[in-house]
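Participant: One-letter residues, chain by chain:
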Amino acid sequence: MMEWLALGSIAEIPALGGRYVDTPQGQIAILRNENDEVFAVSNRCPHRGGPLSEGFVSGKTVFCPLHNWQIDLEKGEAMAPDHGCVKSFPVRVEDQQVWLGLEGVAP
Amino acid sequence: MMNPVAVQHRKARLVVVGNGMAGIRAVEELLKMAPELYEITVFGDEPHPNYNRILLTPVLAGEMALEETILNPLDWYAEHGITLHTGSRVTAIDRVKRQVLTEDGYSAPYDRLLLATGAAATIAPIPGNHLPGVLRYRDMSDVEQLTRSSELGGEAVVIGGGLLGLEVAHGLRARGMGVTVVHRRAWPLDKQLDARGGALLQKAMEDRGVRFLLGKESAEILGDTHVTGLRFADDSEISADVLVMTIGIKPRIAIAQAAGLQCETGILVNDTLQTYDPRIYAVGECVQHRGQTYGLVAPLFEQAKVAANHLAEYGRMRYQGSVTSTKLKVTGIELFSAGDFMGGEGYEEVTLLDGSQGIYKKVILQDNKVVGGLLYGDTSIGPWLFQLMRDGTDVSAFRDNIVFGETHLGDSGHAGENQASRLADGAEICGCNGVAKGSIVRAIREQGLFTLEKVRKCTKASASCGSCTGLVEQLLASTLGGFYDSSPQKKALCGCTDFSHQEIRDAIIQQKLLSVRQTFACLDWRHPGGCATCRPAVNYYVRTAWPAEGLDDAQSRFINERAHANIQKDGTYSVIPRIYGGVTSPAELKRIAEVAERHNVPMVKFTGGQRLDLLGVKKEDLPQIWAELGMPSGHAYGKALRTVKSCVGTEFCRFGVQDSTRLAIELERRLERMWAPHKVKLAVSGCPRNCSESTIKDFGIIGVDSGWELYVGGNGGMKVRAADLLCKVKTHEEVLEMAKAFLQMYREDAQYLERTAPWVERVGLDHIQAVVVGDRESRQQLAARMDFALSQEKDPWAEAVSGRLDIHAAPLRRVPA
Ligand SMILES: Cc1cc2nc3c(=O)[nH]c(=O)nc-3n(C[C@H](O)[C@H](O)[C@H](O)COP(=O)(O)OP(=O)(O)OC[C@H]3O[C@@H](n4cnc5c(N)ncnc54)[C@H](O)[C@@H]3O)c2cc1C
Ligand code: HEM
Ligand code: SF4
Ligand code: FES
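Chains as they are written, first to last, in the working numbering: chain A, 16 to 122; chain B, 3 to 819.
With the rest of the complex left out, here is chain A (with noise of 0.2 Å):
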């Protein structure tokens, strides 16, 4: 089942960067872009565990912080010229509210 575990106001995320959810499948990072939309993926860089909530986010972009690395937030993919993937989590915005959904959570 999954649950959608409010996060909060939007405000509380910083535009074009991000936080993190602890949770029992470990950090998420919640990232914010120039448009006011947000994505949820896993907080660990497909090339060595950066925290991707700490990274720049441009449009559909997140550079880890750690080397650089660009992730493509629609397609949890690693861009060019390298590969790798993170996992991607649904997220809502509704009257500035944020909310997170999760598998296997209580609500």
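A hint or two may mislead.
[To be verified] No farther apart than 30 Å at their CA atoms in a straight line, the calculated lysine-lysine pairs in the DSS-like style are these: (1) B:Lys205 - A:Lys102; (2) B:Lys493 - B:Lys462; (3) A:Lys102 - B:Lys571; (4) A:Lys75 - B:Lys620.
Derived from the structure by calculation, the hints contain no laboratory data.
This one's a predicted model, so the numbers in the text were calculated from it and none came from an experiment.
Chain A is fixed; fit chain B with the ligands onto it per the hints.
Facilitator: Then chain B with the ligands, alone, in the frame of chain A:
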């Protein structure tokens, strides 16, 4: 018997078929050697005098006017007594009567014939390939047609992702069309790039709005009266208003073939560029020599030289084939490729990949010799590499550093500006025309050349594709010294903009741009969010220009500078408190020890800069640790003043002649919180034994009997550089003022991420001395600006502890299992 001159009293007649780059170059070479030997007639089926085909791309992109591409104006032909027939196609060669016949019924007798018919664009043999709207990219009329079509807007599809395909795509995009490049292989430019380089190029082109469809086989061009689209072998389709074919070229050999001259792909020629009929020579893209055809001007110009030598009856030179290198002429994309760039078994590779700067370099070696290479993003070492490859130089002595070029200084920055002056005299600068450095320098000196145009005229260097313009300008600058005033070569900050660092800085100052966002908006950034390269740079430029009003945007700071701690490989952080001059006290050490114990800090270590480092701290714990330490931030994480190292000095050392410790503490107090283009390290030694290693610091100070010696631009790290002596002063106050002035000049002038070592190399010690040492007023102003900037900075740890600064230490939410 073959001598055209001996038995005849009239001049021998030379007929040239093809009024293009190779043919006319051969005529030029011939006129240099034997101006009176022939009566020359030239036939060309284009309506123009000879122009520079290579420059069609800048013309199409709207960066250059058609007229600027003309190499030989009509006057030139007249001056040299050459009869020119433009718009006139030769349809047959009568080898028995020794004459050529044209389409319009004209005939011209020859004693020698030179074929230089070039090549034509290949058209794919698929249905619909003759529909209106299917265009080629070969000559001026194609460019005129493409320009006209682009005025209607709409979608262009380019079939073929090679050099020409990408250039035409760039041009049409610049004219406002939507452009898709369709390519058979998995990455564009597969003949010049490996997969990784191809991916970088694709991304850079995509950033400019060009789309790619890769691994696609075209099957049919759609449309009844005009192109409407393209269908692929997998039955998918794409719509198109214009379709350009750039899948290759084929030598124009029809008239040669019909005349019975031996041809395969091209017209066969020997090492003297003679065809099967020894009266008939051929040069250019139409020929095949030792099994090889060429599609670049450099080899064709070599051929032209040899053919001219024989036509002039010198009979000395032989053409033995060419090694070629390529460049792409898309503004803002630098790419160089030569030889075998793929490597594989039996080869060794040296590579460098810097994704953040978009730089990729790969050199292929075999038996310690360069056999190929590709450079993407920074091609400054291209000419040198190409030279090593052609000379077969043994590179074992410097193979590990080969990707950094002949000179490599400083652990950041590229000393590209000085590249040319360090090349050997024999090194080739202009690949198109084969002009070596020595001949350019000689021409500048002996003929008193002052401008790029003059050098182009006299040496031909940089006169063809223009890629070496930067190097030629460097040679002008280094040969003429202060006389040559060029605006610096323009290099875009990153893929988000075409503006250079300097242009952006100027705009921030002139238009009073007070934030990264405002700068991006005002300068039409391609991505409103920028990227990891431009955001920190622009934020730095805003803050330096406007220390009081400019917004310091946390999201435009690297994570270290946002969290005010160094991120480690496992995502934990390190905490390095400020310990001025490296002098601490038992009480302070106790406090640090207690904090480390209380928080189970996994490692406590002395840094290379005489400070204490608490390693392995979780982000969540940072504010608490800072609060308990009660010490200011050491900025060990920033592009900022790091430490001022000290030695023991007169207080205790038996050799000391100056109080180095006190000066170090004073300097660190006065300069702390200084942000800079890159990290800045200082050191003070109390005597010339130099125990704190002042001569490898950005600003180093050495005590001597009479006062202090100040050194600048030193560097330890990856590339060691000994600092230069800036000046000698007497008092602490003077040291402080010089330090502030020098560092402020560096802050205002250096590019973001350029350390002092390459910066000093670039702008020159003389210039810095003139501004900082020689001019008291400018020194004081610089120091005052530094003081003002520093007065605006607060200690970030204290800010975070008091709650005025949020580093987002805690997670947004914790979800229980
Ligand atoms: C858009 C573009 C960009 C390029 N960029 C580069 C580059 O950056 N670097 C590089 O090295 N090379 C580049 N090239 C390739 C370079 O332009 C050619 O290699 C070079 O022009 C070939 O010279 P040529 O004299 O053999 O042929 P051409 O320059 O094509 O000259 C042949 C001439 O002969 C005429 N002709 C042919 N048959 C007849 C006939 N029967 N009667 C009368 N006239 C005839 C043709 O119309 C043409 O004018 C580029 C080419 C193009 C099209
Ligand atoms: C002529 C040669 C040198 C002599 C006679 C000399 C002598 C000394 C002396 C007397 C001290 C002070 C010791 C103390 O009381 O704490 C010292 C400190 C030191 N020396 Fe040298 N030194 C020489 C060269 C060097 C060089 C070349 C280096 C490094 C490149 C060096 C590195 C150091 C260091 C790191 C210290 C400790 C400084 C500090 O942190 O306080 N020394 N040296
Ligand atoms: S530099 Fe001179 S004064 Fe300083 S510790 Fe070394 S020997 Fe002593
Ligand atoms: S861990 Fe993300 S780029 Fe290396």
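Participant: Take a quick look at whether B:Lys493 and B:Lys462 sit within 30 Å of each other, Cα to Cα.
Facilitator: The given pair, whose Cα atoms are some 24 Å apart, holds under the 30 Å limit.
Participant: Quick one, are A:Lys102 and B:Lys571 close enough, alpha carbons at most 30 Å?
Facilitator: Holds - the C-alpha atoms of B:Lys571 and A:Lys102 are around 21 Å apart, at most 30 Å.
Participant: Is the hinted pair B:Lys205 and A:Lys102 satisfied, with a Cα-Cα distance of at most 30 Å?
Facilitator: holds (23 Å)
Participant: Checking one constraint from the list: CA of A:Lys75 to CA of B:Lys620, max 30 Å. Satisfied?
Facilitator: holds (28 Å)
Hint violations for this structure: none, all hints satisfied.
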